[in-house]
Amino acid sequence: MRGLADLASPRCAAACRCARRLGIAGVLAAAISGRVAAADAPAGADRSARLERPHAVYLELLGKGGLYDVGYDRVFADRLALGGAASFFVIDDERVLTLAPYLATYPWAGRRSAFLVQLGAQIVYVAIPSHIRGFSGASSTGLGGEFSIGYELRAPVLFRAVATGVGGRGGFRPWAGIAMGGTFR
Amino acid sequence: MSGSRSGASIATVAAAAVLGLASACARHDHPGGDRWVPFAEIQGDLAPELRNGAPPAAPPQGTLRVVTYNVHHGPELPAVADAFRSVPALAAADVVLLQEADAPRGESPSLAGRLADALGMNDAYAPAWLHSDGAGHGLAVLSRFPITSAAVLDLPYFELGSASERRIALRVTLQIGDVELAVIAIHLDTRINVNDRLDQLDWAVERADASGVLGGDFNTLPFVWIGRFLPDLPQDAVAPVDVPAAVDEYMVSRGFADPTAGSGDTTNDPVANFKLDSIYVRGHATGGSGVERGVTASDHFPVWADVVWP
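If you're matching them up, the sequences are chains B and W in order.
Residues 1 to 185, numbered by the numbering used here, are exactly what the first sequence covers, in order.
Residues 1 to 310, numbered by the numbering used here, are exactly what the second sequence covers, in order.
Isolated chain B (complex conformation) (with noise of 0.2 Å):
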């Protein structure tokens, strides 16, 4: 058997190289982000689109939901929301549900865009009923975190892109993705 640090070993690696990718992207992310606040933001512009429209409903491709989610968030103060994704599908009878509460928020922001920081938990249950002979099912449940930045565009209608991380028992995993939805006031 191999030790626990043998095992942890590689996947902190490949967490370390993902967490320096992520920062990267954010680095590049942030900039690009400033460069749009600097131009959409003229003068006397003094309420941005996401506290004239701070609700908004989304479906997300690829993200927290692994192929999709649907999410609502609400933004509470110009720098700051709270939200949730939610997402059940079926592939191959295997039932995948996730549960993804989430704290947003926007370190560098114009009046409709800004670039995005999301913190939040993962709650996936998956199910697996058998269709073989000698094999009763499986299923596995588990607790993680989520972590996520990306490029957020509300103008009304709202687009995110999105580079995440998720972390749990079963390690440190990359993922991404792209989300379309509405905001309403």
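Think of the hints as simulated: they come from the structure by calculation, not from any bench.
Computed, partial: chain W to chain B, Cβ under 7 Å:
1) Asn-193
2) Val-194
3) Asp-196
4) Ile-226
5) Leu-233
6) Gln-235
7) Pro-240
8) Val-241
9) Ala-246
10) Ser-253
11) Arg-254
What the simulated footprint calls covered on chain W by chain B, stretch by stretch (three residues with Cβ under 8 Å from a Cβ of chain B suffice, anywhere in the stretch; the number is not a length):
12) 198-204
13) 218-225
All residues carry an ideal CB built from backbone N, CA and C; glycine is no exception.
Got chain B; can you put chain W on it based on the hints?
Only chain W this time, still in chain B's reference frame:
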């Protein structure tokens, strides 16, 4: 209003895409062959190779050691041969099951045959398909004992969208003293989910002998595969599926012992590792088992298990 209409359209398109992905994952696209096809009946580019040039070894005293090893096309053949000579657990091997064993076009014997020659063993090699350069890619069994029969079974075929492969099982009969032993080498598809994986395995198990050894690379990755293409990585991070346990449960229900059940990861990857390789035994008691993680000639490690003999 226009915003909400466009949002609804996007949702409709996305939902259709999701349903399309889900419906694409039907059961296997073609059933496998319904019988073991003897080597003599297989001709042409996929003609197998059976070589019994090694002098028969004496029956093992106490245990028969079986090794399974995915050699990842076999470019590190000298290192593999060296490992089988120098690593004590592998040097004691009586039977070796190889996956991803290649045979360069126009060269005979295959890489598996050359390894068998280097180790003083007999070998049976069966290509499942050909690379674009005509090189064969398949399974092999190496044995210290005479191979008295060899046959191939087509496993159920799954269309994976890209890199779909014909999958086979290779069955040989070994003459060990006065006793015959059936040995099956197998390599299952990569990007299929649990029930499909067991379906593919079941095809061989249903046609296996009442007693014998079945081992190989079961590709028991812990993912839910989206559209047989994309692993659901968030799910894997948070709630990984114990696919090796599912295969173990199935095999035990079919009367097999699972001596390698607690072996831990069997792959050799710098980023993430998994338990993909196993050995199962039916009709014989089993002894110890292990994974040789010091042997780094492939992206898998050799896995071994002992069968109590006779």
